[in-house]
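Enquirer: Now for the letters of each chain:
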Amino acid sequence: MQNIDWFTVILYLVLITLGWFNIYSASYSADHASFSMATRYGRQMIWIGAAVVIAIVVLVIDSKFYSTFAELIYGALMLILLSVLLFGSTVNGAKSWIVLGPIQVQPAEFAKIAASLTLAKYMSRYHFRPESFKSMMIVFGICFLPSAFILLQNDTGSALVFAALLIAYFREGMKPILFILGLLMALLFVLSLLFELHIILIVIEALAFVAFFVLRDNHKELGISFLILLVTTAAAFGLCRWLAPQWPKYVPLLIGFGLAIPYYLYYTYRHKLGKIAAVIGIAVASIGFTFSVGYFFDNVLAAHQRARINHLLGIEVDLQGAGYNVNQSMIAIGSGGLTGKGYLQGTQTKFKFVPEQSTDFIFCTIGEEWGFMGTTLLLLLFLTLLVRLLVLAERQKSKFSRIYGYCVASIFFFHIAVNVGMTIGIAPVIGIPLPFFSYGGSSLWGFTMLLFIFLKLDCNRMELIT
Amino acid sequence: MNPFRQRCFVVGGLFALIILIYIGRLFFLQVVDQSYKMSASNNVLRYVTQYPARGLMYDRNGVLLVHNQAAYDLMVTPNQLHEFDTALFCQLLGIDKEQVDKRLRKAKRYSYYKSSVFLEQISAEQYGAFQENLYQFKGFYAQTRSLRIYPHNIAAHTFGYVGEVDDKTAQNDSYYKSGDYIGISGVERMYEEQLRGKKGVEIFMVDVHNRIKGQYKNGIYDTLAVNGHDITLTLDARLQEYGERLMQNKIGSIVAIEPATGEILAIVSAPTYDPGLLVGRERSANYKQLRADSLNPLFCRPLQARYPPGSTFKTVNALIGLQEGIINGLYTYYPCHYGYTVGRFHMGCHGHESPLNVVSALQHSCNAFFAAEYRALLDNPKYQTIDSAFTVWRNHATSFGFGSKLGVDLPYEVAGYVPTLSFYNRTYGKGRLKSLYIVSNSIGQGELLLTPVQMANLASTIANQGRYFTPHIVKEIREGDNSILDRFREPHYTDIDTTYFPIIIEGMYRAVNSPTGGTAGVAAIRGIDVCGKTGTAENPHGKDHSIFMAFAPRENPQIAIAVYVENAGFGASYAAPIASLMIERYLTDTVTRPWLEKRMLSMDLINGTTR
Chain W
4 MQNIDWFTVI
14 LYLVLITLGW
24 FNIYSASYSA
34 DHASFSMATR
44 YGRQMIWIGA
54 AVVIAIVVLV
64 IDSKFYSTFA
74 ELIYGALMLI
84 LLSVLLFGST
94 VNGAKSWIVL
104 GPIQVQPAEF
114 AKIAASLTLA
124 KYMSRYHFRP
134 ESFKSMMIVF
144 GICFLPSAFI
154 LLQNDTGSAL
164 VFAALLIAYF
174 REGMKPILFI
184 LGLLMALLFV
194 LSLLFELHII
204 LIVIEALAFV
214 AFFVLRDNHK
224 ELGISFLILL
234 VTTAAAFGLC
244 RWLAPQWPKY
254 VPLLIGFGLA
264 IPYYLYYTYR
274 HKLGKIAAVI
284 GIAVASIGFT
294 FSVGYFFDNV
304 LAAHQRARIN
314 HLLGIEVDLQ
324 GAGYNVNQSM
334 IAIGSGGLTG
344 KGYLQGTQTK
354 FKFVPEQSTD
364 FIFCTIGEEW
374 GFMGTTLLLL
384 LFLTLLVRLL
394 VLAERQKSKF
404 SRIYGYCVAS
414 IFFFHIAVNV
424 GMTIGIAPVI
434 GIPLPFFSYG
444 GSSLWGFTML
454 LFIFLKLDCN
464 RMELIT
Chain A
3 MNPFRQRCFV
13 VGGLFALIIL
23 IYIGRLFFLQ
33 VVDQSYKMSA
43 SNNVLRYVTQ
53 YPARGLMYDR
63 NGVLLVHNQA
73 AYDLMVTPNQ
83 LHEFDTALFC
93 QLLGIDKEQV
103 DKRLRKAKRY
113 SYYKSSVFLE
123 QISAEQYGAF
133 QENLYQFKGF
143 YAQTRSLRIY
153 PHNIAAHTFG
163 YVGEVDDKTA
173 QNDSYYKSGD
183 YIGISGVERM
193 YEEQLRGKKG
203 VEIFMVDVHN
213 RIKGQYKNGI
223 YDTLAVNGHD
233 ITLTLDARLQ
243 EYGERLMQNK
253 IGSIVAIEPA
263 TGEILAIVSA
273 PTYDPGLLVG
283 RERSANYKQL
293 RADSLNPLFC
303 RPLQARYPPG
313 STFKTVNALI
323 GLQEGIINGL
333 YTYYPCHYGY
343 TVGRFHMGCH
353 GHESPLNVVS
363 ALQHSCNAFF
373 AAEYRALLDN
383 PKYQTIDSAF
393 TVWRNHATSF
403 GFGSKLGVDL
413 PYEVAGYVPT
423 LSFYNRTYGK
433 GRLKSLYIVS
443 NSIGQGELLL
453 TPVQMANLAS
463 TIANQGRYFT
473 PHIVKEIREG
483 DNSILDRFRE
493 PHYTDIDTTY
503 FPIIIEGMYR
513 AVNSPTGGTA
523 GVAAIRGIDV
533 CGKTGTAENP
543 HGKDHSIFMA
553 FAPRENPQIA
563 IAVYVENAGF
573 GASYAAPIAS
583 LMIERYLTDT
593 VTRPWLEKRM
603 LSMDLINGTT
613 R
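Protein chains in written order, with our numbering: chain W, 4 to 469; chain A, 3 to 613.
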């Protein structure tokens, strides 16, 4: 215990204290100013007290417990998630709560811990080979199994958090190509919503050529291949415009590209150019992906999610509908100015122009009452925490502790980035809490356990925990 | 050593990068961009205009003529609207859904974030029921307004009316915003700045449900409304009411002026309308109806109608002849043999003594005398040319205020017309003017046009022996700056010597009172020396207009009056009796000739019957 990292503990205490004062301000009302335990700030005080107890309990438990029982905890949580899906109660459209008498718990908050522990346990195995396809699939499985359950509970925000665990996988040696592919998918997703298909096809083909040049610099036959593609595309385009002008513009591009493919295959076969073949494969897959985005967007996403994405991308601006929350949130934050209106003086948050102001939009209260100084200070405090966690992770002797530390940092990072980004209009509105600031017991306890398990592991950093 | 150790810097860099991007974005949102601060105050601050009570109007004897009644305007701020129960809304306000949609569209066209009037002038009872449900209708709130009330149904044209300010004025004058009221005609328009007072504003903070949460900074930025000034009019309410009664079912005007001050005692435009019609929500519908009326009741005849003055103008020509030495008040006689004949030209007259001097000529309204006098003026060799002689005549005539606006403090006054030399040059050719061509001017026919108020002012000028004060309708702005009324205290003088006026007054006296018979004997009142002059104006629109101008009593005149009755025949038939009844009523407050009053009241010249 004497090895505990007091820096992080103090940072934690500072953050939960600031968080409580903000919830007090967000739920404070001049009409009934007397202190009461029935209010949100009253209850949050109880949650904080419980969180401190939980932290102590976590620190008391032997650190070997967490690695030993990681899979067991994971399995138990999966069962709980499944039962929530069957027997849970619905709050704000998400069937993600277990109600036990007066206590409501959101198991998704604890599933993050289970997934982190299990991921750490799996990746710290002696024979773990990060680049192998099999380990990649297992890592994905550990991350996305709980994610899938939570998605089915209709809690998209919490489900997406598990993607952050891939940062830990990256640290342990994930192939960079996966990262590039991920970025490419995100890019194509956004582009295909913003632009017409034929423009995206041109972008894909251009990217493929850039890849060619990077991989086989200045090969003579690349020029020929480019010429062939140009000629087939132009011919197809002209023919289609002439014969079937009612066809969409992307059809001739597709035909032209299709006609050129046999030549590419022949070319790569003759020169034994696996990488070029891979580029072609990716390009074809990209085209397929682009076409499926439209289907996914229209059929898989719910109407409110489509509206939020449309709003974020500026396709449909509806300040009364999907954009209302974000617009009011930006007004509240923007009205804070450099120094803010002062504690308890916010008008936009006080008079409820900002919805969900003590939970998902708590950052608005900080922005309005403490201004740019306050928001910057808070973001720097969070950055300090994140960097401190990375530093702690890197000093672990045991691989398990290090990976778990990365998982903790990644989860915190994802929550902070998405929550704050949403309130300032640069991330889509997916309701996930701001650690230590948003009102709610489950999320506070979840973050506390997540953090303090790592601090406990850090106490024993010189030991090899497997 | 772990081969991927350096990747910790990639992860750390990603964290720092995102946080820095956010700080940059926050800097832009919170420090650089000011628009969010404005949106925030739009969200939370509600400026409630405090409308002052509009000034009241009293008559010269302190009778209340125009006052106010409370009403409520329902305001809407489109960007604060939420869905609401349209059925309940319509039921509470008594309008249908179509109107709701139409009015909302109009409000949105005006502005999304500024409030504008949704429904004007809800009665206090209706508002009471609505207010209990106001919390259900986000984006709506009410403002207290006042409506005009007229206890006496008179003088509609004089009071004028108030209505919503038009878009152009609202844009150009920062005092007004869309939906505000402004005086549109009459005294309401001319004395708008005195009557309107000064708006105040109260600033409240509201929450997202549009509920008022308190005053902004304890009200230090609030301003109080200052009520408008009350106005005392020069009108005599009873005389005005009597005049309107006498003119019922007739078309024409009465203007009565106090000669010593120029104060308008009565100003009647017939047909008239109920001033209460142009108040409240029905105003535009009623206005449209009045507008469509073929008798044009909205037309303010005393100030806007131009008529030939007819024989009343002989008084002016007599004064000019005397001033210029063309005639002598006692010794100049002209003959009259049932008219004035030169070659094939003949201007008819009626039977009376001949030859006769100017006094008798006014008494009998002799056409021949004034034709001869006018030609003697124009052809007099002392002016060398007829052009300069005409110019001398015209300058004298315009010194009475003819041919230009008098400057009455009511809107839309017109100038009338005194023909110019250039007009005749265009008609007859330069240097080709002959006195016989324009001899009709001698008897007030031809191209001359006067407004009734100019005619009344002529009576007033003669009563004052050549001096007049600009006729005006406002006597006093109570507890206000009266300097704008100073111009009504300055006398104007004609360029006729005072000494000539008693001759004209004698002629006018005899026209009414001569035992040998004058044209206006019907206007005589026992015990009051009425001086008057009839006129019968030929006009191209049908039967002659009946005209009479008069003042009384002869010594120290109290009232000067002009009466026009359109298409009614001789001046003596209608105008003179009406003027006489008005004078008697004003001076003695009695009616000694009920038979005459009854005949005037029952005469229906519009529908052509006598009731």
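It is possible that part of the hints are untrue.
Straight-line alpha carbon distances no greater than 27 Å define the calculated DSS-like cross-link-like pairs of lysine-lysine that follow [claimed, not checked]:
id : chain 1 : residue 1 : chain 2 : residue 2
1  : W       : 355       : A       : 384
2  : W       : 355       : A       : 110
3  : A       : 104       : A       : 215
4  : W       : 355       : A       : 39
Hints in this document: simulated from the structure, not taken from any laboratory.
Enquirer: Any of the earlier hints contradicted here, and which numbers?
Expert: 1, 3
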